[in-house]
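If you're matching them up, the sequences are chains A and B in order. If you read the first sequence in this note's numbering, its first letter stands for residue 1, the second for the next number, and so on. If you read the second sequence in this note's numbering, its first letter stands for residue 1, the second for the next number, and so on.
No wet-lab data here; the hints were simulated from the structure. Ideal placement from N, C-alpha and C gives every residue a C-beta, glycine not left out. Worth double-checking, as some hints may not be accurate.
Claimed, not checked - When the alpha-carbon atoms are kept at most 27 Å apart in a straight line, the in silico DSSO-like pairs for lysine-lysine are as follows:
#1 B:195 / B:439
#2 B:276 / B:318
#3 B:181 / B:116
#4 B:181 / B:195
#5 A:30 / B:109
#6 B:329 / B:439
#7 A:120 / A:30
#8 A:161 / B:109
#9 A:161 / B:116
Said to hold, decoys possible - A few chain B residues that face chain A, going by a derived Cβ cut-off under 8 Å, partial list only:
#10 87
#11 93
#12 100
#13 103
#14 105
#15 120
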Amino acid sequence: MSGLEFLLAGTLAASLPLLLAALGEMVVEKTGLLNLGLEGMMAIGAAIAFICVYHTGSHLLGFAAAALMSTFVAMLFAILVIGVKANEVAAGLAIGVLGLGLSALFGKSYESLTIKGLPKIDIPILSDIPVIGPTLLTQDIVVWLSILGTVALWWVLNRTKLGLIIAAVGENADAARSIGYPVVMIRLIAVAFGGAMCGLAGAYASTVYTPLWADGMIAGRGWIALALVVFGTWQTGRVAFGALLFGILSLGELTAQAMGVGLPSQVLSSLPYLVTILMLVVISRRRSGLI
Amino acid sequence: MSQPALLRLAGVSKRYGTVQANHEIDLEVHSGSIHAVLGENGAGKSTLMKLIYGVEQPDSGHIRWNGQEVHFARPSDAQALGIGMVFQHFSLFETLSVVQNVSLMIPGKPADLAQKITDLGDQFGLSVDPHAMVHRLSVGERQRVEIIRCLLLNPKLLILDEPTSVLPPQNVRRLFETLRKLQADGMAILFISHKLDEIRELCDTASVLRGGEVTGRVDPREHDARSLAQLMIGREMPNVAHAAPQPPGAERLRLNALGHPRASRFGTTLDGIDLKLRSGEIVGIAGISGNGQQELAALISGESRAQEPGMIEIMGKKVGHLGPMARRKLGFAFVPEERLGRGAVPEMSLADNSLLTAHSRSMLSRGFIRRSVERAFTRECIEAFDVRTPGPDAEAGAMSGGNLQKFILGREIMLNPDVMLVSQPTWGVDIGAATAIRKRLLDMRDQGCAILVISEEMDELFELCSKLHVLHNGRLSPALEAAETTPQEIGRYMIGAET
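Let the sequences and hints guide you as you build the complete structure.
Set out below in structure tokens:
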């Protein structure tokens, strides 16, 4: 498999955890909250999904359990921030650490075990197209569903009353309350949605993308997803584009290592994180009118 | 009146902690009537409206609607019966279009809503483009959107909270015409205001609130402004007569083609601002907030630096590149519009807040704070400026707006500045304190201080200033002699009809 084919085949899968987590957080932030606990929510989702699939063999169960568990952790955040008005940043970091800790605890006896991933689907005609057919267009079911989900989310946020309400709550919660919208409930649902998306993202990472459990396997993807929301300026399409970009980057790093590029592997592995920092600097400078 | 009241309040009370915001309020509002609720800041007007609109619930008392007793758990309950409210600080969403804003409250297809918005606009003189983004609209247009949004719910009672406080005079005329049309249509209107002349012109009934209680029910057309004011503040209006200004002296502040790019997407770019301020005169800058007022104040105070040193001159020196401390050393003092956060640190005591700008008055010794000097200064300020507070150790954040403003102004005045910038001196300050503050400013002028006042209150500017400018969209009008201009002319500049 050439480098290009490797990229074409793997980018979508590599992007998926980032995409799902970032879209969830985007909805949370659109309602005016900030949940910094993505990394932990992804990790606990990943651990629970792996355990579930290991014992039952059912990916569907694994994804569902992960979504539920991460939603539960997200609800802790909601109780702290919406319920008792705790500081958002502190609460987000705290549940992030909690999620990481729980994932290590639950996953301890599953360390380095492996499971079967999901099969790639051969779609007739599509997979016969030269070059992109067997690579880009041959993906597992979760990838296809996520693409549909992304489009659906865009449609809800931009074309429906629900999207309008979410934007209104995020922009001016007091005003939304004064015209009679249940701001607390809307935010609660958004936080739950964000949690569930992180759970799915983690589940994909541990049971499909690399079907094994290792402590710390989320490896900062939660933080990158957080940065992607800013990079994507809270717009579904741009966030998805950002996720793809980082997916390519993380694969490119592997390709480069495999091809023996004369850089230490640590430098290449740090590339996605460096690019994240660079992106954030560029964006914040542009926003403050300096560029 | 033979007809039963549309809305009737009997013995309604509301208490927040130790504050009795409303006490045994009785109120009757009839269809086809414009009913004023008159009172100073803190008299309990806003609380009363929240009770009527279902934002808050009364502790005791009854609310009757068409003779039926009702309980509003939330605004939508009040809306369902036909009560609409236009807030003082608009509850619109800036990043959405007019029709999107409306659709958040009114069911229906966007195209139908847009048509209804246009129709209502034609009928009641509320024209606005349904597809315009709200952040691009002027204040007057935003208010129209709010009113249209209420009218689409077919209300029988419309509550307007200080609707004219943000409008230039021309738009006030237009709003009144709209309200009269609605009145002729049989609607009841509750008009909350502290502006006596407007109430006398528009309203047929007035309930006067003071300290949370109704102190009078009058026909405002039969009373003059003075007697209404007396009902409102409970004593004779303080006399504001003041000696005419002496001819101004030496130049103290000068802006030379001051321009500055906006700092954020919602900021204002300042362009070519020229201004001269001399000792012994007060120059006013009128205009609606958001037209560059904050940016201009930040540039003059030194909080943001000008692009070239020569754009700003204080006491004849080029200071555009200097910070606030260096400018204060030249004899400049500044009273910002945000009292908490800029004028004073809310968590700190008054004494420590004195230190912030008055440290040069021998409050420091080899880097250590001399507490006794700090406290003596603060106590003097509290006494001289009638600040109602337990003492120098009171927390700034716990004080009422008027008291804190008197303290901040006093602190700056005690520095004996040669030139002073005062931004929105009487925002949210009750009449008594506002009168005292204006008198202090005039005293300062008579002692030779040069004062620049940025204000939204046109009456205040005409009372204080000898010269007026208008700031609109980041540009400053030429100087207008206060004695020769009129509120109407200022208003034309405020909406950009003249430049």
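Consistency of the hints with the structure:
Distance check on the hinted pair: residue 195 (chain B) and residue 439 (chain B) sit about 20 Å apart at the alpha-carbon level, within 27 Å; holds. Our distance criterion of 27 Å between C-alpha atoms is met by residue 276 (chain B) and residue 318 (chain B), whose separation comes to about 14 Å. Restraint check for residue 181 (chain B) and residue 116 (chain B): satisfied, since their Cα atoms lie roughly 17 Å apart, inside the 27 Å limit. Using a Cα cut-off of 27 Å, the hinted pair residue 181 (chain B) and residue 195 (chain B) holds, with the two alpha carbons roughly 21 Å apart.
At roughly 24 Å between alpha-carbon atoms, residue 30 (chain A) and residue 109 (chain B) fall within 27 Å of each other, so this suggested pair holds. A hinted pair counts as satisfied when its Cα atoms are at most 27 Å apart, and residue 329 (chain B) with residue 439 (chain B) qualifies at roughly 26 Å. At most 27 Å may separate the alpha-carbon atoms for a hinted pair to count; residue 120 (chain A) and residue 30 (chain A) exceed this at roughly 34 Å. Between residue 161 (chain A) and residue 109 (chain B), the direct Cα distance comes to roughly 10 Å. Compliance with the 27 Å bound is thereby established for this hinted pair.
About 19 Å separates the Cα atoms of residue 161 (chain A) and residue 116 (chain B), which keeps this hinted pair within 27 Å; it holds. Evaluation of the residue 87 (chain B) hint against chain A yields a held restraint, the C-beta minimum of about 7 Å falling below 8 Å. Hint status for residue 93 (chain B): holds, given a least beta-carbon distance of 5 Å to chain A, under 8 Å. Annotation: residue 100 (chain B) was flagged as interfacial toward chain A, and the flag holds, the nearest CB pair being 6 Å apart, inside 8 Å.
Look at residue 103 (chain B): its Cβ gets to within about 7 Å of chain A, closer than 8 Å, so that hint holds up. With a least beta-carbon distance of about 5 Å to chain A, the hint placing residue 105 (chain B) at the interface is held under the 8 Å criterion. With its C-beta approaching chain A no nearer than about 18 Å, residue 120 (chain B) sits outside the 8 Å limit, and its interface hint is violated.
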